[in-house]
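Let chain A serve as the given structure and place chain B on it in line with the hints.
Residue numbers (numbering that gives the first Met the number 0), protein chains in the order written: chain A, 0 to 169; chain B, 0 to 383.
Accuracy of the hints is not assured; some may be wrong.
In the DSSO-like style, the derived pairs of lysine-lysine whose C-alpha atoms are separated by at most 30 Å in a straight line are [to be verified]:
| hint | chain 1 | residue 1 | chain 2 | residue 2 |
| --- | --- | --- | --- | --- |
| 1 | B | K132 | B | K240 |
| 2 | B | K17 | B | K207 |
| 3 | B | K303 | B | K17 |
| 4 | A | K55 | B | K303 |
| 5 | B | K132 | B | K376 |
| 6 | B | K247 | A | K55 |
| 7 | B | K247 | B | K132 |
| 8 | B | K201 | B | K17 |
| 9 | B | K132 | A | K55 |
It should be emphasised that the hints constitute simulated quantities derived from the structure, not laboratory data. Note that the coordinates shown come from a computational prediction; the quantities given were computed from them, not determined experimentally.
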Amino acid sequence: MPTRDDAKAAEQPAEAPEAAGGPGIGRILTTLDQVFSTFRAQLQDEAPKAFDGAAKVAVDTFNDIGAGLKFKSLPAALTIAAKPISATEIELTWTDDTLNVDGYRVRRCQGQYCTDLVEVRQLSPTARSFRDVNLSASTTYRYQLVAFNFRGETPSNLVAATTKAAAARG
Amino acid sequence: MLRNLAARVPDGPTKLVKLHPAELTALLELAWNLRVHQASGVTLRPTGHPDHRSDTPGLAIPQRPLPVLNPPSNVGASPDAGTFATILTDTLNVEVGTRGVRWDHLIYAYMIANTRIRPVFRRVVLELLHGEKLGAPTEATQLWLRNTEELFFRDPPPFSITTITSSVRPSIDTTERQAHYRMFGLDLNHGNDDNSPYEYVKVAAANKEFVTSFEELLREVWIGFINRSTTSGANPTDDAKIEDLARKLNSQLLDRRRFGDLSREEFYLVAMMSWFHLTVENNNLPIIRDLRAEGTTPEQVLFKIAQMVGLPANGLADHYFQVADAISAVLIAIETGTLQVPGAARAFYDPTVPNSLSGAMNTIITHWSAITGHDVKAGKVAVR
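Isolated chain A, as found in the complex (with noise of 0.2 Å):
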């Protein structure tokens, strides 16, 4: 019949390479690596659920009632102008004394009559101007500037620039 000290003796094999770092710990850890990727990999495969419904009139009605309390109505629309700045670079700038919104997109499409404009930036009420970088040479963008606050946003006047030729080499 084997006695308590056989058994811690039958224990001690198993003990000695764990506390070395050996193949046990090992086993472990690989064990505990897989469960908690498992997780990770639910936790990052979960969208950002959108809400819909009674959950979004609730949020909705809340922005209203905060908009409404700082006296926010819809913002004006603003009037940009782009002014190329290097082959690379062109500048937004804008006026709005109006602290009525809560920040800015900036919009952007390539070509002199383009509409496919796409979301580059958002900035902070307090933007005044807005330098796009990377661009092309010798091409034209197209812009808007659309402000925005709890009660809606208002897009401005489309706006075109065309970056500078790029500079010969040599």
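Just chain B now, kept in the frame of chain A:
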């Protein structure tokens, strides 16, 4: 109210406190007159609802310019008065969706009042008017002083919407405390200036269950917060209970507001507290500079002024200042009835999409625990 209005204009606080008291009164009347917000295609809500606070008319004020000083004033209306009036009316120019309200919930006034800001400024006004202990106020400060005394420390003008005292209810202090007690079952946390209790008759029709229901809501929302990412195992978030608590709070609050009850009191108290809040929030106001009370945060400014006049402010003033805006907006949202319907509970605690409501709830939970000492983040203990 006045504070949010000033925030919409560059250097607004300085411009607002320089207006003539008649212009400020006119702006208040104008704001009151814009209290009914009927979105197109939406049935007008019952009186007391956030979009229909009252049917009591204010004085008719021409929107702009405000000709209240022209004549008899030699200089005519202040150019800035028109700017503020325009902002008020423009807030209604929203083409889509429902409209928000123009003034804060009574809870905002309760939170700011608890900092003891009004008794402190009553002493400031007294000292500046009756002595030179605080130095002689400069000309710019004289304007703030006159406005503060005219609007908040004198008998109100007849027929004004801000007239909430009379021979029947002569004390504004009692009127203020009564309003808070009726709506929230809460008294202010300070008594008289000598720290004796403020005695007044507490009415029977008061929301004595408000705190219990609200704290229960905060507790349930916190459970939602900490379990929002739970993907395995039991999730103790109880959406049905959150929605039920929102419904309970909705019925409690709107019951006190039937037929527009308490709306005038709320309007005046919110305006008054926002005036004092605006004052301690802006270091560049002449009154703050004259007193040399500039500080990094509103409560630091208040503490300095309180020390000067020998009346300690509430040590938790920072929490009251920080929670006031969030709790005001949340209670108004609850009063709209949109947070109590099935499926709405998630909006309280789920920040996975940009959600200012869950942000506000987080702020409230943090500061409510600090100011009440009730830790709503702690789990409930079952008592058998």
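Here is how each hint holds up against the structure:
{"no.": "1", "hint": "B:K132 x B:K240", "verdict": "violated, 56 Å"}
{"no.": "2", "hint": "B:K17 x B:K207", "verdict": "violated, 41 Å"}
{"no.": "3", "hint": "B:K303 x B:K17", "verdict": "holds, 23 Å"}
{"no.": "4", "hint": "A:K55 x B:K303", "verdict": "violated, 44 Å"}
{"no.": "5", "hint": "B:K132 x B:K376", "verdict": "violated, 46 Å"}
{"no.": "6", "hint": "B:K247 x A:K55", "verdict": "holds, 21 Å"}
{"no.": "7", "hint": "B:K247 x B:K132", "verdict": "violated, 51 Å"}
{"no.": "8", "hint": "B:K201 x B:K17", "verdict": "violated, 38 Å"}
{"no.": "9", "hint": "B:K132 x A:K55", "verdict": "violated, 56 Å"}
Checked against the numbered hints given earlier, the structure breaks hints 1, 2, 4, 5, 7, 8, 9 and satisfies all the rest.
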